[in-house]
Amino acid sequence: MPNSPMTPGIVANRLPEDRLQENFSDLHPPLDAHEAAVAADRCYFCHDAPCMTACPTSIDIPLFIREIQTGRPDAAARTILEQNILGGMCARVCPTETLCEEVCVREVAEGKPVEIGRLQRYATDVVMAANDHPFERGAPTGKHVAVVGAGPAGLACAHRLAMYGHEVTIMDARPRPGGLNEYGIAAYKTTGGFAAAEVDWLLKIGGITVENGKKLGRDFSLQDLARTHDAVFLAIGLAGVNDLGTPGEDKDNVLDAVDFIADLRQARDLSALPVGRDIVVIGGGMTAVDAAVQSKLLGALNVAMVYRRGRERMSASEYEQDLAASKGVHIIYNAQPVAVHGNGAVREVEFEYTVEEDGKLKGTGETFRLKADQVFKAIGQRLDGAPEGLKIEGGKIAVSGAGRTGLAGVWAGGDCASGGDDLTVTGVAQGRDAAEDIHRALLA
Amino acid sequence: MADLTTTFAGIKSPNPFWLASAPPTDKEYNVRRAFEAGWGGVVWKTLGEDGPPVVNVNGPRYGAIWGADRRLLGLNNIELITDRPLDVNLREIKAVKRDYPDRAMVVSLMVPCEEDAWKRILPRVEETGADGIELNFGCPHGMAERGMGSAVGQVPEYIEMVTRWCKQNTRMPVIVKLTPNITDIRYPARAAHRGGADAVSLINTINSITSVNLDLMAPEPTIDGKGTHGGYCGPAVKPIALNMVAEIARDADTAGLPISAIGGITTWRDAAEFIALGAGNAQVCTAVMTYGFKIVEEMIAGLSLWMDEQGYASIDDFAGRAVPNVTDWQYLNLNYVTKARINQELCIKCGRCFAACEDTSHQAISMSEDRVFDVKDDECVACNLCVNVCPVEDCITMEELAPGTLDERTGQKVPAEAADWTVHPNNPSAAAAE
Ligand SMILES: Cc1cc2nc3c(=O)[nH]c(=O)nc-3n(C[C@H](O)[C@H](O)[C@H](O)COP(=O)(O)OP(=O)(O)OC[C@H]3O[C@@H](n4cnc5c(N)ncnc54)[C@H](O)[C@@H]3O)c2cc1C
Ligand SMILES: Cc1cc2nc3c(=O)[nH]c(=O)nc-3n(C[C@H](O)[C@H](O)[C@H](O)COP(=O)(O)O)c2cc1C
Ligand code: SF4
Ligand code: SF4
Ligand code: SF4
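Chains as they are written, first to last, in our numbering: chain A, 1 to 444; chain B, 445 to 878.
Isolated chain A (complex conformation) (with noise of 0.2 Å):
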C-alpha cells in the first residue's frame, strides 16, 4: 500500500507521481511569445532606470524589454548575458520581490512591477533553446587562472576570463559543478535540470576546464595553485553549517537543511526520497523556507518553521514567507529552541518564546513543544575551508575593491567573501568584476 501524508516516521511515497510532479513544477511557468509581448509592453523605459541600478549585475533592464518588444528575445538576451553570464538561472532565482521589480516605478506606482524576472527568464530561454551560445572566446594571452569554487562566482568569473582569452581551470570539492546552484536553490525554481545545462552551456565558450572532486585543503593549496597559475580566483562559499548548540542536537535525524535540500536537489526519484510525517525547521532565511516548502510538497503532514524574533526581522522576504504560508508551512515567529527530546532519534523539539528588548533577544521562560520525526537546521551557513594567510572579516575572506585579498594575485568573491548580500546575482556579479581586475593586472 502506497504511504500518506499521514503514515507515521520517516517515509517515501508520500504523495502519488502526478502530484509530485506537479508540486515540483515551475514556480513562476514561463512566459509565451504573447505574454511576453504584453508583459513587456508595460516597461516604460525609465531614463537612468531605478531597476537597473537595484540589479547587482546592472542588467540594461529597459533596453533588454524594449528588445523583447521588438520581438528580437535573441538580441535581449545578449543584452542580459553581457552582464550576466547566469542570467538564465538569475531569471529563475533572483528574489527580484527585494531587488529590480522592489523599484520598478510600477511596483512603487500601483503595486504591480513589470515582470523583469520572467521576462528575462523569456528572453534566456530562447537562446538556451536554441542552444547558442553569443559569446566567443578571446585569443589565448597564455595566462592559467586557477578558480577554487564551481559556484555562481566562480562560473562567472571564468567565462569573463575566457572571453579575454586566459585559460581557466576551476576546481570544486562536489562531484558536479554549479555550487548551489546544482545543490542549493529549491528544485520548483529551477527545474529540468536547468542548472546543470546551464554550466554545460556556459562552458561551450572554451577555454575552461572543470574538474570537479577537487577539495582545496585536501587535494591542493592555495600555494600550489599560486605557484602553478597567474591568478586565483576563491569562490568557495559558505561549506559550514552554523550549530544550533541546543542540548540533544546531536540526535538522529536533526539535520542541516541545506543537506537534505541537497539530496532532493540530486535525487533521481522523488518518490523514493524520505521525509517524516512531523517536521521543524529553525530558521528564518531562504535555506529555511526553502527546507519547509520542500518537505511539505514532498507530502509532509505538519511543517513548522521556527524562527526566533519577530517577523519583520527575518531574512526571507515577505514574498518568501507568504510563499511557505501557501503551501501549508506553519510558521511560528519568536522562539527559540531550548532541547532536543527523544531517545536516539529526536521526537519532539522544545521551544521557548523571545520578546526582543532594544535589539537583544531575551527567552520568556514559557516553553512549548512541536513533535519532530526530523528536524532541519538552516541558522545560516558560515565560512569553512579558507586557506591560512588570509585576513577573516566578518566570518568571511576579506576583500577590497574588486575582489581583492591581502594576498598578491588572489582574488576572492561570492558568499565566501566579505561585501554584499549572499545572493546567486551577487557572485556573478562579483565574479565577473573579479575576472575585469583579474584581467587588468594580467596585462600590467
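Treat the hints as calculated values from the structure; they're not laboratory data. Treat the hints with care, as some may be off.
[What the hints assert, rightly or not] The calculated SDA-like cross-link candidates involving lysine to any residue, where the alpha carbons are at most 20 Å apart (straight line), are:
hint: 1; chain 1: B; residue 1: K793; chain 2: A; residue 2: G111
hint: 2; chain 1: A; residue 1: K391; chain 2: A; residue 2: G240
hint: 3; chain 1: B; residue 1: K682; chain 2: B; residue 2: I653
hint: 4; chain 1: A; residue 1: K371; chain 2: A; residue 2: Y353
hint: 5; chain 1: B; residue 1: K793; chain 2: A; residue 2: T98
hint: 6; chain 1: B; residue 1: K670; chain 2: B; residue 2: S655
hint: 7; chain 1: A; residue 1: K112; chain 2: B; residue 2: V836
hint: 8; chain 1: B; residue 1: K793; chain 2: A; residue 2: E107
hint: 9; chain 1: A; residue 1: K112; chain 2: B; residue 2: E837
hint: 10; chain 1: A; residue 1: K112; chain 2: B; residue 2: D513
hint: 11; chain 1: A; residue 1: K391; chain 2: A; residue 2: G406
hint: 12; chain 1: B; residue 1: K820; chain 2: A; residue 2: H47
hint: 13; chain 1: A; residue 1: K112; chain 2: B; residue 2: K793
hint: 14; chain 1: B; residue 1: K793; chain 2: A; residue 2: V108
hint: 15; chain 1: B; residue 1: K541; chain 2: B; residue 2: A481
hint: 16; chain 1: B; residue 1: K793; chain 2: A; residue 2: A54
hint: 17; chain 1: A; residue 1: K112; chain 2: B; residue 2: S655
Small disclaimer: the values here were computed from a predicted structure and weren't measured.
Dock chain B with the ligands against the given chain A, drawing on the hints supplied.
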C-alpha cells in the same frame, strides 16, 4: 434623458449611430441584426451596375496593426464593392426597410461615370423605399483602376457632374462620400456642394500598406507572394478624419452643408468629438468589424449620459460647438504663455519627461540625485512633449502664466492683450499697427 434622434439631410433616425457602407451592411442578415442591436441607420454596402458582379480576391483581404495585447489600431482592406448580384441586394434592402421603417436606410452606389448608368440604377433604388443614397467616390483600390471610386473622388469636376446627375434623376437625398486621398479636402466638398449634394460623408479609407512581410519581401496582406495598397481605417485614422471634417465645417463655401462623420469612430466619445466639430451623425465600420454590433449599446449609453451631464437636450444642442474654436495658426494668441508643471505626488519618477526634454526638446527639466523632476521655467517653451510622454495622466499639466507675471525664459512680462502672428514684429507682412 437626452434625445438622441437626428434628422440628417432629411433622413430621420433614432440615434446618430449608423453603420458605414462596408461588410457589416453587405446583406439582409447583417443589417437586421444590426437594427435589432440598436443601430440608428445603415449605409448599405456599395452597389454596382447590373451585370456580372465584381470579384474579390480569394486570399486575405485585410491587414492590420495592433497594440501589444493585439488591440486592433488600424485595419486595411482590399475589398471591392458588393460582390452579390444587384437584384438580390435591392430585394433585401426593400424587405429590411419595410420591417424597420424608423431606421435610416441609405444605399451606397458606385457605377461608371456615365449619366445613363446612374439613370438606370437610381429608380431601382428608389423603388426599395430607401431613405437616401450615398455616392461612393472613395474606394482607393480596385474600383479606381476602373475609373470609379477615388478616381472620380479625386477630380472635383467629376464629383460635381455626377452629383448633379443624381440630383436630377432622383428625389432621394444625395450624400457624397469623400476620399481622403487628396491634398485639400475642401475642393471635393465644394464640388459636391455645387452639384447640389444634400450632404457629404467622410472619410473613406486612406491609401496604405500596413506592413511588409520581411520573409516574403512583400506587402501585407500577401496574395500569392504579391500585395497591393489598400484602404486604411480604424482608430488610427481618426485624427485625420477629425481634421477633414473640421476643414469642411469651417469653410465658408460649404457652410451649412451636413456632414456625416466617418473614420475611426470606436466609442461614444469619438462620435461626440466629431459632432462637436460639425458632423450631424457618425458612421462606424472598423469598430463593429472588431467587436460586433453590440458596441452600439455602449455608444448610446455613453453619449446620453454625457449629454445629460452637460445639459444638452438634443444632438443639435452641441453639434458644431467646437467649430468656431478651430482656427488657422496665424490667429493663435502668441501672448498666451504656459509652463509645464509636474505634480510631484502623482509623479512615479520614470524619467521619461526628462529624457524627452533633455534629448529632444529644450533641456527644461532637471533631475536630482533622488529622481525628483522639476521644470526649469527659464528654459521651458511649453511644447507639451513631456505631457505627451508622461505615463501618468494629469501628472504634468500646462499652466497658464497670468498676465503681468514674468516669463523667465524671455525675461518679459506676459502681456494682458492677445496678439497673433498677423501683428507680430517678426512677420514681414504684419499689418503695421502704428
Ligand atoms: C538552500 C539555499 C537556497 C538559496 N536560494 C537562493 C535563491 O533562491 N536565490 C538567490 O539568489 N540565492 C539563493 N541562495 C544563495 C545562493 O545560492 C548563493 O548566494 C550563491 O550560490 C553563492 O555563490 P558562490 O559561487 O559564492 O557559492 P556556492 O554556490 O556555494 O559555490 C561554492 C562552490 O565551491 C565549492 N567549494 C567549497 N569549498 C571548497 C573547497 N574547499 N575546495 C573546492 N571547492 C569548494 C562548493 O562545492 C561549491 O560548488 C540560496 C542558498 C541556499 C543555501
Ligand atoms: C472591408 C471594408 C470594406 C469597405 N467597403 C466600402 C464600400 O464598399 N463602400 C464604401 O463607401 N466604403 C467602404 N469602406 C469604407 C468604410 O465605409 C469607412 O468609410 C471606413 O472604413 C472608415 O471608417 P472606420 O474607421 O469606422 O472603419 C470599407 C471599409 C472596409 C474596412
Ligand atoms: S523601472 Fe520598471 S518600468 Fe522602469 S525601466 Fe525598469 S522595468 Fe521598466
Ligand atoms: S513643455 Fe517642452 S520645453 Fe517645457 S518642460 Fe515640457 S518638454 Fe520641456
Ligand atoms: S514622465 Fe511623468 S511620471 Fe515620469 S518622471 Fe516625468 S513627471 Fe514623473
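Against the structure, the hints come out as follows:
1. B:K793 - A:G111: Holds, because 15 Å separates the two Cα atoms, which is no more than 20 Å.
2. A:K391 - A:G240: Status holds; Cα separation ~18 Å.
3. B:K682 - B:I653: holds, 17 Å
4. A:K371 - A:Y353: holds, 17 Å
5. B:K793 - A:T98: holds, 19 Å
6. B:K670 - B:S655: holds, 13 Å
7. A:K112 - B:V836: Satisfied, since the Cα-Cα distance of roughly 15 Å is no more than 20 Å.
8. B:K793 - A:E107: holds, 12 Å
9. A:K112 - B:E837: holds, 17 Å
10. A:K112 - B:D513: Roughly 18 Å separates the two Cα atoms, so the pair holds.
11. A:K391 - A:G406: Answer holds: A:K391 to A:G406 is near 7 Å, not above 20 Å.
12. B:K820 - A:H47: Status holds; Cα separation ~18 Å.
13. A:K112 - B:K793: Holds - the C-alpha atoms of B:K793 and A:K112 are around 15 Å apart, at most 20 Å.
14. B:K793 - A:V108: holds, 9 Å
15. B:K541 - B:A481: holds, 16 Å
16. B:K793 - A:A54: The given pair, whose Cα atoms are some 15 Å apart, holds under the 20 Å limit.
17. A:K112 - B:S655: violated, 33 Å
In this structure, the one hint that does not hold is number 17.
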